[in-house]
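Let the hints inform the model, and build the full structure from the sequences given.
In order, the protein sequence lines correspond to chains Z and A. Sequential numbering from 6 applies to the first sequence in our numbering. Sequential numbering from 373 applies to the second sequence in our numbering.
Simulated from the structure, these hints should not be mistaken for lab results. We put the beta carbon where it would ideally sit given N, CA and C, even for glycine. Just to be clear, a hint being listed does not mean it is correct.
What the hints assert, rightly or not - Derived, one-sided and incomplete: chain A residues facing chain Z with beta-carbon distance under 10 Å:
id: 1; residue: Ser470
id: 2; residue: Ala472
id: 3; residue: Ile473
id: 4; residue: Ala483
id: 5; residue: Gln486
id: 6; residue: Thr860
id: 7; residue: Leu862
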Amino acid sequence: MASESGNLSHNSGQIELVRQEVGKLIVGQQEVVEGVLIALLAGGHVLLEGVPGLGKTTLLKTLGRALALKCSRIQFTPDLMPADIVGSMVMETDDRGLKNLRFQPGPIFAHLVLADEINRATPKTQSALLEAMQERTVTSGTATHELEEPFLVMATQNPLEMEGTYPLPEAQLDRFLMKILMTYPSRAELDTILDRTLAAEQPKIQKVVDRDRVLEVCRATRQALVAPHVRDFATSLILSTQPEQATAHPLARRYIRYGSSPRGAQAMIQGGRVMAIMRGRWNVSLEDLRALALPCLRHRIILNFDAHAEGKTADAILAEILEAVPVAK
Amino acid sequence: MNVDTWDRGRLTAAVGLARRRFLANQALREAALGTAIVLLGPALLLVLGRDILAGPWLAMFGLAGLGTAAWRWWRGRLDLYRVSQILDARLSTQDQISTAICFLGHSSPVAVEQRRASTELAERLAVEAAFPFTLHRSMQLLAAAFLLASVLGVLRYVLEKPLEMRQSLPGLIARAMGVDQAQAKDQPAPKDRAGQRQQANVLPYQDKQGWQPAPLEPADESPADGNGAEGQGPAPEPGRSGADRPDKEGEFGAPVGSSPEGDPIQSYEDMLERDAQSGLSMADGKQGNNGQQEASQREKSGIPEEPNSLLSKLREAMNQMMSKLQQKAPGSGNLQQAAAGSKGNGGEQQPGEGDGQTGAGQGQPSGQESQGEGTPGNSQDSSDPSNSGGTTKNSGSQGARGSGAGSQDGDKRMRENEQQEAFGKLSELYGRRASGMTGEITIEALPGKQTLRTPQVQKGALHRDIGGEISRDEIPLAFQPYVKEYFTKLRQAPKK
Numbered sequence: 006m007a008s009e010s011g012n013l014s015h016n017s018g019q020i021e022l023v024r025q026e027v028g029k030l031i032v033g034q035q036e037v038v039e040g041v042l043i044a045l046l047a048g049g050h051v052l053l054e055g056v057p058g059l060g061k062t063t064l065l066k067t068l069g070r071a072l073a074l075k076c077s078r079i080q081f082t083p084d085l086m087p088a089d090i091v092g093s094m095v096m097e098t099d100d101r102g103l104k105n106l107r108f109q110p111g112p113i114f115a116h117l118v119l120a121d122e123i124n125r126a127t128p129k130t131q132s133a134l135l136e137a138m139q140e141r142t143v144t145s146g147t148a149t150h151e152l153e154e155p156f157l158v159m160a161t162q163n164p165l166e167m168e169g170t171y172p173l174p175e176a177q178l179d180r181f182l183m184k185i186l187m188t189y190p191s192r193a194e195l196d197t198i199l200d201r202t203l204a205a206e207q208p209k210i211q212k213v214v215d216r217d218r219v220l221e222v223c224r225a226t227r228q229a230l231v232a233p234h235v236r237d238f239a240t241s242l243i244l245s246t247q248p249e250q251a252t253a254h255p256l257a258r259r260y261i262r263y264g265s266s267p268r269g270a271q272a273m274i275q276g277g278r279v280m281a282i283m284r285g286r287w288n289v290s291l292e293d294l295r296a297l298a299l300p301c302l303r304h305r306i307i308l309n310f311d312a313h314a315e316g317k318t319a320d321a322i323l324a325e326i327l328e329a330v331p332v333a334k
Numbered sequence: 373m374n375v376d377t378w379d380r381g382r383l384t385a386a387v388g389l390a391r392r393r394f395l396a397n398q399a400l401r402e403a404a405l406g407t408a409i410v411l412l413g414p415a416l417l418l419v420l421g422r423d424i425l426a427g428p429w430l431a432m433f434g435l436a437g438l439g440t441a442a443w444r445w446w447r448g449r450l451d452l453y454r455v456s457q458i459l460d461a462r463l464s465t466q467d468q469i470s471t472a473i474c475f476l477g478h479s480s481p482v483a484v485e486q487r488r489a490s491t492e493l494a495e496r497l498a499v500e501a502a503f504p505f506t507l508h509r510s511m512q513l514l515a516a517a518f519l520l521a522s523v524l525g526v527l528r529y530v531l532e533k534p535l536e537m538r539q540s541l542p543g544l545i546a547r548a549m550g551v552d553q554a555q556a557k558d559q560p561a562p563k564d565r566a567g568q569r570q571q572a573n574v575l576p577y578q579d580k581q582g583w584q585p586a587p588l589e590p591a592d593e594s595p596a597d598g599n600g601a602e603g604q605g606p607a608p609e610p611g612r613s614g615a616d617r618p619d620k621e622g623e624f625g626a627p628v629g630s631s632p633e634g635d636p637i638q639s640y641e642d643m644l645e646r647d648a649q650s651g652l653s654m655a656d657g658k659q660g661n662n663g664q665q666e667a668s669q670r671e672k673s674g675i676p677e678e679p680n681s682l683l684s685k686l687r688e689a690m691n692q693m694m695s696k697l698q699q700k701a702p703g704s705g706n707l708q709q710a711a712a713g714s715k716g717n718g719g720e721q722q723p724g725e726g727d728g729q730t731g732a733g734q735g736q737p738s739g740q741e742s743q744g745e746g747t748p749g750n751s752q753d754s755s756d757p758s759n760s761g762g763t764t765k766n767s768g769s770q771g772a773r774g775s776g777a778g779s780q781d782g783d784k785r786m787r788e789n790e791q792q793e794a795f796g797k798l799s800e801l802y803g804r805r806a807s808g809m810t811g812e813i814t815i816e817a818l819p820g821k822q823t824l825r826t827p828q829v830q831k832g833a834l835h836r837d838i839g840g841e842i843s844r845d846e847i848p849l850a851f852q853p854y855v856k857e858y859f860t861k862l863r864q865a866p867k868k
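Written as structure tokens, this is what we have:
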């Protein structure tokens, strides 16, 4: 029992250390940093949406340095091919002069993968990530290669420049644990960013947690307790977003074309576990689920034409549905 | 393990304390509701009285209140897990207590650690803050029921001393408000009736609010109404009309052959003499009798009199015509002839044929004439052309009386002339009424759905299925950016 207690405080302490280390370079964006950490520890992937220049690449590199994990960056372009991501078979000559085909791993073979502007690649290339994100394997030819844990795909997309882009298919969107919206920093944060980035010496990121420790925390998060009424809350929320359900919210019937899949409930519960550990609890609370509802569900619901015509956003609809889910008072 | 068992006991005790407080709060609410239901019984008893609401009904209210309270309390009981959820929600404890209660039987290290943290948290919680004793709506209902019963009790005690609780409260209130006295007041004593009549005759003219018709007394109680007297005479006997009174005979012309006293008129000369004495002709006397009866009937029916109105004149002429028709029933041909003559004369009055019996010149029945004393509007009767015509006839009849012509010659055409005169008078009245009718007509048209019917032409158009599928929810992928941009511009466009 004492060891478990020590594990809990140690786990939360380790996560706090990582946050502080990332905060040396990333000013503000606390929710983004926390979301990326939750996705990493929950074994999911994260989709960041924001304008360029908000520090998405810097965040990934900083996180990789703090966790001592291997990072890679893939710039998605329309001519990017699946082999450019997963790797390809190359012919090489061995010492004896014989030519052999050898699998050359692509940039997907890393712990932290930044898929920059993922919506600029064709759907075929985007789909190359599907197997890696869900199964954590890569199939090339007849060989299937396993990816190392932890594995996090952090994809970004620009919400403004939509010309020449290919919106992510629902199947791939569903594989992202969370979709986090990056906003502009405040004035104070901007001043701090200027001070840090324009200084003569850049702050150095130290390694605070190694890979094994990260995996240990990942395993610990799966032990967090989820009470039945908390699980019922997640279930009720998911069902409320599905317009064909009898318990659907009126707004869902009016504006949502397709509701959230069961992956939404899984993402909320799994993310809630990590959030509970980060806050020093062994139990998931309703507040954890409420905090994670928007990041976990906003990309899993598909709005209909009426919602687009009336300017309704997924966040606004989800916020109203969230308020209507019954809880004990 | 012992520590864990001790933690379980502490946690259960802490949440159990909250549960007991919750149940006590719930019991207070339900008891208040049950008492309010029980109080409805006495309140109903105070309203209806023991004659209607018997004792078993009161017992039923008591049982219903107790049963409702007990059933609601039993149904609203919550177990520890539910109570702990409420505790978590109200005290913002991040669902730690409810999770610990839920995993109370688990012995995994994580569950034990979570339970220990939750136990320490639960023991620090102020249960009173989570389940305060508040004024619930059921208590407000109880207060309202108590107030209602108290008010009813006080009201009943004021109306009924001592409290017998037999009669219903509305009956008591009606008795207290003096319904019986009001009924007795509606039927006053005979001594008071004369005073009421005086008030009835005087008040309309003293009313500053404007003229109002005086309340009509029954015909048998209004001797002064017929002649416009001020009610100074003695009170008449009930059930006797003014026309039957002997003292009125001197004022009204006695009708021919229809004297109520059975005083038959022996000859036409006797009748003329009477007319000369009373200032009325025979016909006038007849009409006066009719008018008197009509006035008494009007009084009986409660219809206010319309002095000098066209309607009364029309009614008079019709009565006259009908009486003549009844007398001339065998000679219906004369009636047609008279009608033709009336039409040919254009409504002009026929001069008297010398028999003097058609002296309708006075024109007014004695009843109306007598009313003329009370109503100044009757003074216009002197300008009535029928009166002048009647005067002419009277003079003619007086001339005929001196001419020595036989009464039989006059009798031949007397009724015919009377009919013609009546028709002429009737036509004149119609004409005057039609020419004098002025006013406005307002037609109110209610708003409704108006449909314009347009003839439809068959165009012969055909719809064909060309196999395309259109879904309003789907925008082609290539057009989605443009649609989104369009709506963005639309929303950002400044409002005019």
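Each hint, compared with the structure:
| no. | hint | in the structure |
| --- | --- | --- |
| 1 | Ser470 | 6 Å, holds |
| 2 | Ala472 | 8 Å, holds |
| 3 | Ile473 | 9 Å, holds |
| 4 | Ala483 | 6 Å, holds |
| 5 | Gln486 | 4 Å, holds |
| 6 | Thr860 | 8 Å, holds |
| 7 | Leu862 | 9 Å, holds |
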